[in-house]
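Make the full structure from the sequences, and use the hints.
2 protein chains.
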Amino acid sequence: MSDLFSLPVQKIAENIKDGKLTSVDICRSYIERINKFEKDVKAWVHFDEKLLLEKASESDNHRRSGKTTGPLHGVPVALKDIIGTYDMPTECGTVLRKGKTQSQNAEIVDLLKSAGAIIMGKTATSELAYLGPPKTRNPHDYTRTPGGSSSGSAAVVAAHMAPLAIGSQTGGSIIRPASYCGVVGYKPSYGLISRNGVLRTSYNLDHIGVFGKTVEDVALLAKVLIKKDKYDPATVYYSADNMLEACKKEPLFDPRFIFYKTDSWKKVDKKSREAFEYFIKSFKKNIEIFDVPSYFKNINKYHQIIHETDLANNFQEYYKKAKKKLSKEMQSAISRGLKYSSKEYAEALDFIKRSYESYNEVFEDYHGVLSPCSTGVADKGLKSTGSADFNKFWSFMGVPAISLPLLQGENNLPLGIQLVGDKYDDLRFLGVARWLEKRSKEFNE
Amino acid sequence: MSDLFSLPVQKIAENIKDGKLTSVDICRSYIERINKFEKDVKAWVHFDEKLLLEKASESDNHRRSGKTTGPLHGVPVALKDIIGTYDMPTECGTVLRKGKTQSQNAEIVDLLKSAGAIIMGKTATSELAYLGPPKTRNPHDYTRTPGGSSSGSAAVVAAHMAPLAIGSQTGGSIIRPASYCGVVGYKPSYGLISRNGVLRTSYNLDHIGVFGKTVEDVALLAKVLIKKDKYDPATVYYSADNMLEACKKEPLFDPRFIFYKTDSWKKVDKKSREAFEYFIKSFKKNIEIFDVPSYFKNINKYHQIIHETDLANNFQEYYKKAKKKLSKEMQSAISRGLKYSSKEYAEALDFIKRSYESYNEVFEDYHGVLSPCSTGVADKGLKSTGSADFNKFWSFMGVPAISLPLLQGENNLPLGIQLVGDKYDDLRFLGVARWLEKRSKEFNE
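Note that the protein sequences, when read in sequence, are chains C and B.
In terms of the numbering used here, the first sequence opens at residue 1 and continues consecutively.
In terms of the numbering used here, the second sequence opens at residue 1 and continues consecutively.
Among these hints, one or two may not hold up.
Listed below are the simulated DSBU-like cross-link pairs for lysine-lysine, each with C-alpha atoms no more than 30 Å apart in a straight line [stated by the list, open to error]: (1) B:Lys323 to C:Lys353; (2) B:Lys227 to C:Lys423; (3) C:Lys438 to C:Lys423.
Quick caveat, the hints were computed from the structure, so don't treat them as lab data.
This structure is a prediction, so every number in the text was calculated from the model and none was measured.
As structure tokens, this is what we get:
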């Protein structure tokens with residue numbers, strides 16, 4: 001089963017459907033990896049081998065009975081531990097929720113089940129999906145952070161402990177760990193995936209996203225999660241049925257990109273900068289380098305006002321009753337969040353719309369924006385999950401972003417390149433991402 | 001032409017299309033009324049008789065040439081003077097904008113023109129669509145307020161100085177003046193009509209709405225205004241093409257209503273309360289009286305936090321540079337708006353969603369909510385435009401509301417009854433409104 005880890009998930013699903021593979025066999029392969037690597041990577045906070053094999057066996061029996069199967073039938077998927085599940089705890093990375101279970105599944109858990117997926121377990125998250133790091137280590141170098149806050153979800157995919165995982169992003173919590181761990185991380189447009197039943201940190205900034213090995217894998221997973229949900233009023237009606245096909249189709253145009261080095265470029269380590277320059281050179285016909293537009297410089301400030309106010313609102317009970325059990329980072333964020341004025345908050349919300357109105361003009365002439373995912377490869381040590389400086393713009397405007405593991409930085413550690421698209425243009429966007437992934441691999445062959 | 005004022009607008013438009021009436025004749029009839037009543041009602045802030053007749057004549061020539069005509073071809077429509085027009089001033093009821101003209105038309109002005117409507121002129125509004133009253137008097141009793149802030153738009157329709165008018169509502173600025181003036185005022189669901197090019201007072205609370213003589217008339221006008229507009233991100237894709245037909249169709253069910261007297265019921269004058277009680281009795285098979293749900297009591301507070309913060313943000317330049325030229329009401333609202341915390345504002349925004357989640361359960365068993373439009377008939381004097389206590393709930397939640405002029409209060413002055421529906425259910429909602437209007441008239445025959 002060693003080939004399993006290089007198979008596209010669609011192929012795994014087809015093999016299950018055709019009876020060439022069983023879900024039990026697949027789960028056993030991942031369990032083997034978990035038994036080997038989890039003691040070092042520490043990516044799981046809830047994993048029950050016996051339960052998983054039971055579910056896999058049920059799934060196989062279901063298929064053998066000839067009943068209808070979904071596009072992920074028998075495929076195991078890992079969930080960031082802020083996603084509510086009624087049959088496993090949802091601890092959100094804080095001692096304040098130790099052992100707590102939700103009374104019902106999050107909407108996306110039900111969507112996964114409808115698609116036939118098997119919930120493998122829950123992965124480690126930073127404290128309340130903010131900064132306080134979990135114990136997880138980077139599978140490529142145990143002395144380094146895997147990034148956060150979706151630390152475990154990125155790490156399990158990187159270490160072949162799961163084929164697919166779900167995470168979330170409010171600042172840079174998908175793109176950054178994907179880059180550090182060398183996997184694909186995709187944050188769809190704001191409003192495509194329901195947050196109903198998932199820990200809320202910020203209504204206007206929280207996004208659900210996905211991790212996989214390739215653009216195709218994340219497209220397959222994302223499409224089963226995209227659905228209007230009346231219990232998350234931010235969700236929109238969106239036709240994602242053809243997401244996988246759209247991503248596999250060669251674009252009918254020669255894609256043109258803007259590369260934004262941004263003001264944080266100087267913080268990127270030297271080896272990583274060289275890798276980006278090499279990448280830009282390889283695609284010189286397609287890429288133009290621009291300075292970031294002037295409105296970008298206000299985004300981080302406004303992102304902070306919204307994020308910290310919302311943390312203060314959503315975690316006020318914890319702050320009032322058990323302040324000392326929160327990390328220092330969370331305590332300071334909340335204390336700042338309590339000091340902004342309503343006028344600043346309203347201005348910040350308005351800036352989401354205003355900045356997007358400027359941003360989307362890019363797509364009159366270009367098919368995507370490129371930028372680093374992070375200030376380089378994974379930072380040393382586990383005390384910080386790294387900087388989200390390259391990610392907040394896009395979370396703020398709610399536009400689709402994907403981390404593609406196409407480069408290497410110092411010590412040959414993985415380094416992602418970030419592609420950003422236009423809001424609600426996710427199908428074309430994934431097609432362009434797939435094109436970049438394919439061409440880039442061709443260059444390196 | 002005296003019959004003109006009792007013809008449905010659809011019929012007027014058909015007669016124009018068939019050449020039985022000309023737009024010039026119709027405009028002359030309204031000009032006659034304006035010349036007779038405007039000196040007392042003072043509803044217009046910009047009206048140019050010559051320009052109107054020129055436009056009407058052009059419109060007639062266009063039709064005679066056999067070119068395509070829209071559903072409102074040749075029909076004059078009045079605009080609240082906060083709606084931007086490039087060929088007339090847009091003064092927004094404040095000396096600070098005296099004589100100021102916009103560089104382009106509001107989106108809805110272009111939609112009206114595409115539908116063939118003729119922009120008649122601009123109607124008086126309270127200062128910046130808030131509380132400071134204009135000079136307009138109630139056409140039914142010149143010693144009384146017409147309500148506000150869409151004072152002129154309600155008054156011109158009531159006095160037969162225009163067949164249709166457009167207004168806006170942030171608290172109760174359509175429903176209340178419609179009730180006081182004895183016309184139909186309809187505020188569609190939040191997000192159906194673009195506010196692009198219209199004075200912004202509060203992004204989350206501002207609604208465009210319409211005035212006419214009957215439910216059919218407002219349905220016809222509203223349907224040409226409903227369109228997704230990328231420059232107003234709150235707008236949604238919505239299919240309103242059949243709005244007029246939907247409203248004219250007899251419901252396939254026997255409508256059931258909840259009547260909410262609300263906590264403000266005790267403020268309603270005695271005669272008006274009797275009129276409501278009589279109405280409830282006449283529809284006793286269809287109406288059940290309930291206490292308002294407990295979450296209602298927080299809405300006014302949260303509405304105020306959002307509204308005043310947004311006023312502080314949107315009018316900060318006026319406040320900084322010309323504070324004394326603002327009304328006392330506006331000055332105090334802005335000074336309060338500067339004092340709320342971001343946490344309160346975020347809580348208030350969140351409550352929009354939370355209150356709606358509770359509210360919409362009503363529609364599992366009922367087809368509409370009924371309530372007074374106001375604390376009774378129009379108040380005496382012109383210093384206040386009356387209370388919006390019965391209107392803020394619905395503006396806050398963004399649900400459709402309509403004022404139906406079916407009752408009379410003290411001194412036989414008009415008294416509207418307010419019907420409220422479910423969000424985005426506007427087509428069925430107008431059908432139910434039409435049913436109420438029709439049955440109510442049958443009872444009184």
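How the hints compare with the structure:
| no. | hint | verdict |
| --- | --- | --- |
| 1 | B:Lys323 to C:Lys353 | holds, 28 Å |
| 2 | B:Lys227 to C:Lys423 | holds, 19 Å |
| 3 | C:Lys438 to C:Lys423 | holds, 23 Å |
The structure fails none of the hints (numbered hints given earlier).
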